[in-house]
Amino acid sequence: MTINQSGWRPTAPEASGEEIGTWTGNRALMLEEPLSFEIGDTQTTGVDFAAAPNGESRLGGLDRHRDIGLAGLSEPETVRHYTRLSRQNYAIDLGIFPLGSCTMKHNPRLNEKVARMPGFADIHPLQPIDTVQGAFALIHQLGEWLVKLTGMHSVAMSPKAGAHGELCGLLAIRAALEARGDAREVILVPESAHGTNPATAAFAGYRVENIPATEAGRVDVAALKARLGPDVAAVMITNPNTCGLFEPDMIEISRAVHEVGGLVYCDGANFNAIVGRVRPGDLGIDAMHINLHKTFSTPHGGGGPGSGPVVFSEALTPFAPLPFVEKEGDRYVLVEEENAEAEHGRSFGRMTAFHGQMGMFTRALSYILSHGADGLRQVAEDAVLNANYVLRSLDDLLDAPFGDSGPCMHEALFSDRGFGGDISTLDLAKALIDEGFHPMTMYFPLVVHGAMLVEPTETESKATLDQFIGALRSVAKRAKAGDASLKAAPIHAPRRRLDETLAARKPVLVYKEPEQAEAAE
Amino acid sequence: MRYLPLSDADRSEMLRVIGAGSIDALFADVPEAARLGGKIEGLPDHASELSVERQLGALARQNVAAGDVPFFLGCGAYRHHIPASVDHIIQRGEFLTSYTPYQPEIAQGTLQALFEFQTQVARLYGCDVANASMYDGSTACWEAIAMARRITRRGKALLSSGLHPHYVSVAKTMARFTGDVLEHRAPTLTAEADLDTLPIDAETSCVVVQYPDILGRIADLSGLAERCHAAGALLIAVVTEPVALGAIKAPGEMGADIVVGEGQSIGVGLQFGGPYCGLFATREKYVRQLPGRLAGETVDAEGKRGFVLTLSTREQHIRREKATSNICTSSVLCALAWTAHMTLLGEKGLRQLAMLNHAKAVAAADRLARIPGVTLVNDSFFNEFTLRLSQEARPVVRTLAERRILAGVSLGRLYPDDGEIEHGLVVAVTETNTQEDVEALASALEEVLA
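First to last, the protein sequences are chains A and B.
Heads up, the first sequence is in the numbering used here, so the first residue is 1 and it goes up one at a time.
Heads up, the second sequence is in the numbering used here, so the first residue is 1001 and it goes up one at a time.
Just so you know, the hints here were simulated from the structure itself, not pulled from any lab data.
No experiment lies behind these values; they were computed from the predicted model shown.
Even for Gly, the Cβ is constructed at its ideal location relative to N, Cα and C.
Errors might be hidden in some of the hints.
Once the Cα atoms are required to be at most 27 Å apart in a straight line, the calculated DSSO-like pairs of lysine-lysine come out as [unchecked claim]:
no.: 1; chain 1: B; residue 1: K1156; chain 2: B; residue 2: K1172
no.: 2; chain 1: A; residue 1: K506; chain 2: B; residue 2: K1172
no.: 3; chain 1: B; residue 1: K1304; chain 2: A; residue 2: K506
no.: 4; chain 1: B; residue 1: K1156; chain 2: A; residue 2: K462
no.: 5; chain 1: A; residue 1: K477; chain 2: A; residue 2: K462
no.: 6; chain 1: A; residue 1: K148; chain 2: A; residue 2: K327
no.: 7; chain 1: B; residue 1: K1172; chain 2: B; residue 2: K1322
no.: 8; chain 1: B; residue 1: K1285; chain 2: B; residue 2: K1156
no.: 9; chain 1: A; residue 1: K487; chain 2: A; residue 2: K506
no.: 10; chain 1: B; residue 1: K1348; chain 2: A; residue 2: K512
no.: 11; chain 1: B; residue 1: K1039; chain 2: A; residue 2: K148
no.: 12; chain 1: A; residue 1: K487; chain 2: B; residue 2: K1304
no.: 13; chain 1: A; residue 1: K512; chain 2: B; residue 2: K1285
no.: 14; chain 1: B; residue 1: K1322; chain 2: A; residue 2: K506
no.: 15; chain 1: B; residue 1: K1322; chain 2: B; residue 2: K1156
no.: 16; chain 1: B; residue 1: K1348; chain 2: B; residue 2: K1304
no.: 17; chain 1: A; residue 1: K512; chain 2: B; residue 2: K1322
no.: 18; chain 1: A; residue 1: K477; chain 2: A; residue 2: K487
no.: 19; chain 1: A; residue 1: K225; chain 2: B; residue 2: K1322
Here are the simulated distance ranges between beta carbons [said to hold, decoys possible]:
no.: 20; chain 1: B; residue 1: H1088; chain 2: A; residue 2: H492; range: 25 to 33 Å
no.: 21; chain 1: A; residue 1: E314; chain 2: B; residue 2: A1084; range: 15 to 23 Å
no.: 22; chain 1: B; residue 1: R1002; chain 2: A; residue 2: L397; range: 48 to 56 Å
Next up, chain B with everything else stripped away, as it sits in the complex (with noise of 0.2 Å):
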């Protein structure tokens, strides 16, 4: 077996050394009834890497890659081009095979790392700090939402009805063993979102509002902001598509006291889901309730400049059952692929790479729109944006993949038997889409629509 290097002799010699008779003498404390004599059946044995390769090389070739076809999914992952170099850079085995940065003398690298990300996390979300990623945009939310039951000791989360619905999801089974309370309403599929009438009151801990929101609108959070403060509540804003904000203003700006979201978009790429990099950060003053990992500034014993991981007291690893967050392992390897990707675009980059996403859109939503039986539903938005059909998307979208077009995400597979939502098709534009894919879009959802 090439990975595993003891030569029998090695064993022999091992066990003498040991002093013990044989391998089995090892595992003497396993009970008599949970030994198994051999090895388990029904399972094939060890494999050369060729084999591997095609076993698995053959599943791969089943799937219908982003890349191959014209592409418009979006809703909480999008397809950006990935520059080679950041891929290079998380394969170096340094950062690739290194653990959590538990020596920081000779972990200096993940941790100035995780500094910059923090840094350029917070500078993105227009917050003053950041912590070193979450698990993905959906856990950060619900560890947003505890946060604020924390902070402002209340318990009542309402969620807007923008709120990615996995997210949603993900709250409310966490919330049905925390005690917390939700409110939440599906989405309409109109241009404004219901932000003007969520009713806050002296009993809300949070308001959770995402931006863009899951049908792509976009609206001024500022004032929004103002009444959560008024009522004592925090704002929490979810940026599910972080490209955004190199156009738009960022959340923190607006008054979000917490701001999280995926950072998948930068850096890490679609992978089926995962795994994804979660982005989370607040205000100064509440450092000390963050979940997870926090990377900070200090110096040696010869006074350089050093880093090392810190408010470790917030952690499970000291804290235990009074720590802030059960969270361990974070998502540190897509981090840094994130805070690479995000080093090379920089401030400029960044703002052009938007620009161009929205410019597309722009155009993608006015040719599309003109088709007969499609209608745009937002006034405003960055790279997505939704469409109302004429019939149901869901078997449209099913279609379109049959001709190998895939059109986008269909709102009736996120809220099932909700009526008139199952005629939305959300379309996700950014830099990887040509005129063509568009036209090829555009002209077999007329057909099929006809």
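The shape of chain A in the complex, shown without the other chains (with noise of 0.2 Å):
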């Protein structure tokens, strides 16, 4: 028997044996769903159009007369289809999503709402700008709340994702350096780091090399400062830091960047557990992005869109990215290649077309007027709070590599120590999916073995905590006592461990008919 706080308790004694199948198979609730293409064909639409009005065509003779392949289907059958599918999620509308690095917090309607007013979500990128007035005054407003909060400069709005807004953050450093005459070759990287941070320095043409972490969990300092040089372009620094840790030594950090001529980036990734607390521009950061779809909670749709606003410092602000949005008066107009010449001559250039993310910038504008200075302090703090409750309510059984050095911040990190027999980490989440729970971050970051990284964020009630704590410690004897059967997990969800060795050795990414897909073996 599983723990069930609800107080509910089976009135007949649990089932053994094989699963009796069904016709359908379906499981009650649970129901299988074709493919769109199984079920609909080209012939249904469940759209109804005026006729057309007849006349000669103009497309350059050029018109597709081969079939696309497109499956309709009508209206009824695409929204049961697609509810049918959605059912098949786990979501944090329906429980804890404690993805550590991830900030899964719930999501306010309120913020779907007002970004679905005509005047935000209905208007043109290209409109004139004294059409759009209002929405150049929300940009600015959610602009300044982000400078504001991180005590930084300026803020460039249009980067797309997290590390859309690395790649921002690098190129403004590199487009400095450019300019003094400096160009330098190397980005430094913790070991801990997102595997974005790495990536995004080869994007931006940079050679990464690693720094290594304390037995601490924390920045080596002394080996980042032996490796200090004038080819050092930029160290990325993500603080909290992946182990959920903060690092103390930052203003050290900084000022020893700074004095070889290089510059500070900081992934701004775990920003939920010291907003309103600590600005980074107190810690001597030159550039930092902000995942307003983390701290600021626009909601991750299965993996995106998110939004990746820029804060830089005033050595970087000058090579900001165009377009932005200035006040004139009591008039916001924008600076784009047009008209930048003059003041923003340095601006490293375009990353996108248009202005950002609109729809985020309205949920996050939302999000941020609803807690207010005050209310975002107490997400941190809450935030905080409710990491070190499950890293203290689960160390006596989970190895917490970091747990003697002292409180975390906003997540809690375990290692796989002490599990016995082959039972690993992985399995140890899949029976967590079979508690009704989504699994922590798994095997990140990568300096700690078999790692699992829990974020609960501050929007999970102590309830929720304690039974998650109480799921999570079942688990947790199971693997420590070798508990083969953990090996099947999950037996309850919609599929059983699915195989992504086939699914990669012989990669199947569109569907094809049958008779297709025959002709193509």
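Hey, can you piece these two chains together into the complex? The hints should help.
As structure tokens, then:
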């Protein structure tokens, strides 16, 4: 029996032995659903159109005659198809989503409502600027909040997601260095960094070198200082770091990097832990992206869209990308290619078409105004409190590699040390799925063996945490006992473990009709 | 604060379990110099739902919404009718509030939808495979150029003059840092693009051509594809208006090696430029060079079909600095909207929608071209065409906006200080435009030009 906090108890003994199959393959509310291509056809549509007026075609003789192969469904079938699919997803709306480094907090529905106001959702990015003053006012207002919350000098709003923000920061750094005739080649990245950090540095044309971590899970400051030199363009540091710890030597690190003429990039993915309590600008940082889809609760949507505004120090501000919004009197103007020359001639250029993720800006500002300065500070405090509660409710059972070095920030890190038999972090994670929870981040950061990174966020109640902790204690005990049945988990999810090796060895990335697939064999 | 469930009693009890005397003790690692004693000054405190809705509603009302006026803007973002059920589907909490599908056993909904999306994109573009979305068309375009560099091991890209200037700008920004050489010319107000004169040579990695192009012109890409392939270069086609492909040949059919574009027209809406949905498709043989997420089919331990994220050894979280791209979060919810809208349309609906757009655009072009001082630049177009006005178009657009008519995009905004082209006005006409809209634009334009 698993624990059940809601008080419900089965009225009959649990069934044992083989599961009884059904004709449909469904299991009551767990419904199987084919692909749209298997239930729809090219002659069905769920949209009615007025007849097109007759007239000559001006398509340059390029009319598309060949079948496209797009299956259609009527509206009721479409709604049912995607509703049935939706039920095979775990989501924050269903329970805690404790993915470390991902900050999966509640998504307030007010934010969805305001983003859909026609004055925001139904305006074109190239409308004359006098017809979109409210949109620019919103972007400007959000930008001011971000600058004040971070204690930085300016903000670039256009980056489309966190990794795009990293790129924005590094390009500004590179432009600044080149402007002083000091092209440098190397970016230093701690071993514990998100994979996007080294990938971004390489994408921006830099060579990446790793900095080791100390036994206490922090940047090895001595090793970092030893490596600093005239070839180092910047260090990219995540703070709080991916072990869930604040870098106490951050000010010293920034000073050392600046002394050798380098710049400091901060990965702001973990800003949720310190918003309202610490301003990165006070730590000597030159550029930091902010994931609006983490700290400021724009919904993650199964993998985006995100939004990654970047705040800059005074030194990097002249190199910020185009376009941006400026206030002139009570009117907002857009600085883009045509009018950038005079005052913003050192901008490194444009990163994306148009102005960035407006739909995320409206949601984030709605979230920020709802919380206010007092509420945002409370966000960081509750996020850190929840993580420490998880850490201290489990560290007698699960190995917490940095548990002795003091409190964690917004996420609690555990390792697989002490697991029995050949039970792995993956097995434990899959067993949590059977308990009705989304697992924590697995095998990240890379510096900890079998890492499990739990980020509860501030929007989880104590009761939810207690239930999650209870479930995690139960599966952790089984893992330590080497319970081989964990290898079969999950057994209650819509699918058992999926064969990822097969998927990668023989990639099937698009649907092929059976006859087409056979012909291809 | 309505979003924070902990009570003060909870907080005290939790601090006791942790063994900390206060919340401040949990922030002990923060250096003294960086600790904020209280809340940041000059910022307001929390506000009720009613109050926030009122504040943001006031800002929204300062904008002229496209649906409230005759509206003809395009150039990379198009206004189409989106069925109500699309927004309903993407607001299902199971889609809206889920993460990237790292645990496939409890993310089959997103994964299967992405597999459908990839299939639809590949078929629409006439390609073998597609990925699970990029940020938008402009960033997808640069990623395609970078991919062509990896495949051909050459570093010179030729951008046709018809490529959206923002896409050109993005590519130029990136090329400045990667060392790629880009060649590009601004367009001229002519019926034909410059495809025949592109100087493809043995150093060319790719030719990037927009279809239909920034002026709305449509050109057969087959000959260009042959010239590219003869020189060992790739042809990249960029499609900013996916609805067009319900009417005109797919770039893949004409030999394009990589087809990328903006998906916004289908399911996503205008949204002042974002979030949008980048589409990215290519040949099967280049699949391991693709950037971004890929959903792939497999089986579970009981042999049931299921879907997973696959070929992730291309990606940053595995390959780090050797990844094909740094992209992580992309645009999955917009991809879901796209796929739901495309499923509602089906091939029949998409073709009807495309023909309706084209017919309305043809009628509008003919009407507007009858105005003294206006000539139609295009011989061919889909739902967007360029007019040459007898005077500079920017002030005309502004004057018409004052009369609450959003007339189109003046090319002077996109190509400042470029002389002749500043007379260009790009007008997009979709199923959302009525005959009254066109008439209102025509008569107002006639007055302004008189």
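Outcome of the hint check:
1. Proposed proximity of K1156 of chain B and K1172 of chain B is supported: the alpha carbons are some 12 Å apart, at most 27 Å.
2. Between K506 of chain A and K1172 of chain B the alpha-carbon distance is near 37 Å, which puts this suggested pair outside the 27 Å criterion.
3. Proposed proximity of K1304 of chain B and K506 of chain A is supported: the alpha carbons are some 17 Å apart, at most 27 Å.
4. Proximity of K1156 of chain B to K462 of chain A is assessed by CA-CA distance (about 58 Å); at most 27 Å being required, the pair is judged violated.
5. The suggested pairing of K477 of chain A with K462 of chain A holds, with an alpha-carbon distance near 22 Å, which does not exceed 27 Å.
6. For the hint pairing K148 of chain A with K327 of chain A, the CA-to-CA distance comes to about 17 Å; that is within 27 Å, so the pair holds.
7. With a C-alpha separation of about 23 Å, the suggested pair K1172 of chain B and K1322 of chain B falls inside the 27 Å cut-off, and the hint holds.
8. For the hint linking K1285 of chain B to K1156 of chain B, the alpha-carbon distance of about 22 Å falls within 27 Å, and the restraint holds.
9. Between K487 of chain A and K506 of chain A the CA atoms are separated by roughly 25 Å; this keeps the pair inside 27 Å, and the hint holds.
10. Simply put, K1348 of chain B and K512 of chain A have alpha-carbon atoms about 19 Å apart, close enough for the 27 Å limit, and the pair holds.
11. For the hint linking K1039 of chain B to K148 of chain A, the alpha-carbon distance of about 11 Å falls within 27 Å, and the restraint holds.
12. With a C-alpha separation of about 18 Å, the suggested pair K487 of chain A and K1304 of chain B falls inside the 27 Å cut-off, and the hint holds.
13. With a C-alpha separation of about 17 Å, the suggested pairing of K512 of chain A with K1285 of chain B holds against the 27 Å cut-off.
14. Restraint check for K1322 of chain B and K506 of chain A: the C-alpha separation of about 22 Å stays at or below 27 Å, so the hint holds.
15. Between K1322 of chain B and K1156 of chain B the CA atoms are separated by roughly 21 Å; this keeps the pair inside 27 Å, and the hint holds.
16. Of the pairs offered as hints, the one joining K1348 of chain B and K1304 of chain B is violated, with about 32 Å between alpha carbons and a cut-off of 27 Å exceeded.
17. Between K512 of chain A and K1322 of chain B the CA atoms are separated by roughly 32 Å; this puts the pair beyond 27 Å, and the hint is violated.
18. Our distance criterion of 27 Å between C-alpha atoms is met by K477 of chain A and K487 of chain A, whose separation comes to about 14 Å.
19. The suggested pairing of K225 of chain A with K1322 of chain B holds, with an alpha-carbon distance near 26 Å, which does not exceed 27 Å.
20. For the pair H1088 of chain B and H492 of chain A, the beta carbons lie near 28 Å from each other, so the given range of 25 to 33 Å is met.
21. Taking the beta carbon of each, E314 of chain A and A1084 of chain B are about 48 Å apart, not inside 15 to 23 Å as hinted.
22. Checked against the hint of 48 to 56 Å, the pair R1002 of chain B and L397 of chain A fails, with Cβ atoms roughly 34 Å apart.
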